[in-house]
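S.K.: In our numbering, the protein residues as written are 11 to 217.
Calculated directly from the structure, the hints in this document are not laboratory data.
Treat the hints loosely; a few may be bogus.
What the hints assert, rightly or not - For lysine-lysine, the following DSS-like pairs were computed, each having C-alpha atoms within a straight-line distance of at most 25 Å:
hint, residue 1, residue 2
1, K17, K28
2, K63, K28
3, K17, K35
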Amino acid sequence: MQEYSSKLLENAINQIAKLPGIGRKTAVRLALYLLRQSSEEVSLFTESIANMKNNIFYCSKCHNVSDSPSCEICSNPHRNSSQICVVQDIRDVIAIENTQVYKGVYHVLGGVISPLQGIGIADINIGSLLSRIDMEEIGEVILALPATTEGDTTAYYISQHIRKRNQNIQISVIARGVSVGNDLENTDEITLTRSILNRVDFDSTLK
11 MQEYSSKLLE NAINQIAKLP GIGRKTAVRL ALYLLRQSSE EVSLFTESIA NMKNNIFYCS
71 KCHNVSDSPS CEICSNPHRN SSQICVVQDI RDVIAIENTQ VYKGVYHVLG GVISPLQGIG
131 IADINIGSLL SRIDMEEIGE VILALPATTE GDTTAYYISQ HIRKRNQNIQ ISVIARGVSV
191 GNDLENTDEI TLTRSILNRV DFDSTLK
């Protein structure tokens, strides 16, 4: 274990190194960068993170992050509330919004069914999605889940339960311009845009 001349610096490095994708060398570089900044800049940085953690909401309808109990997307009267795009997590909402082509609303599952990782149906937000199907006038559900076995399993489960509730709802899936095994957040905006615009009927993917 490398020793540092300052325990305070070492503690900061240790905390930064816990962030995903941050190695030890990068943690040292970031800690030293923060050390060179003014106290005001560092205070703004730490306060913004603390405020995010302590004051952020999860939308009561779609489970997206929000500054209030209902997110700006669900509250926006110009969005198409009859069109729900189902995604794995919040990063996927950000990725799709960056394309600026989708004008419906979302439903964030918070994961996908994965028995090997101990993630079951009750561990993700499928129940609240089906409640929306029962209570709202939904015309289309777009399944924008990862092109993985877990993503496909989750999509199939959701589609079957939607069919039991309402045969008239169109169920579609984004086109496979997204490579198999890839997450939406790692897909470039052009490919993701084409995948959304060229989405296909879900049932056709089962043939």
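S.K.: Going through the numbered hints above, which ones does this structure break? Give me the numbers in ascending order.
M.R.: none
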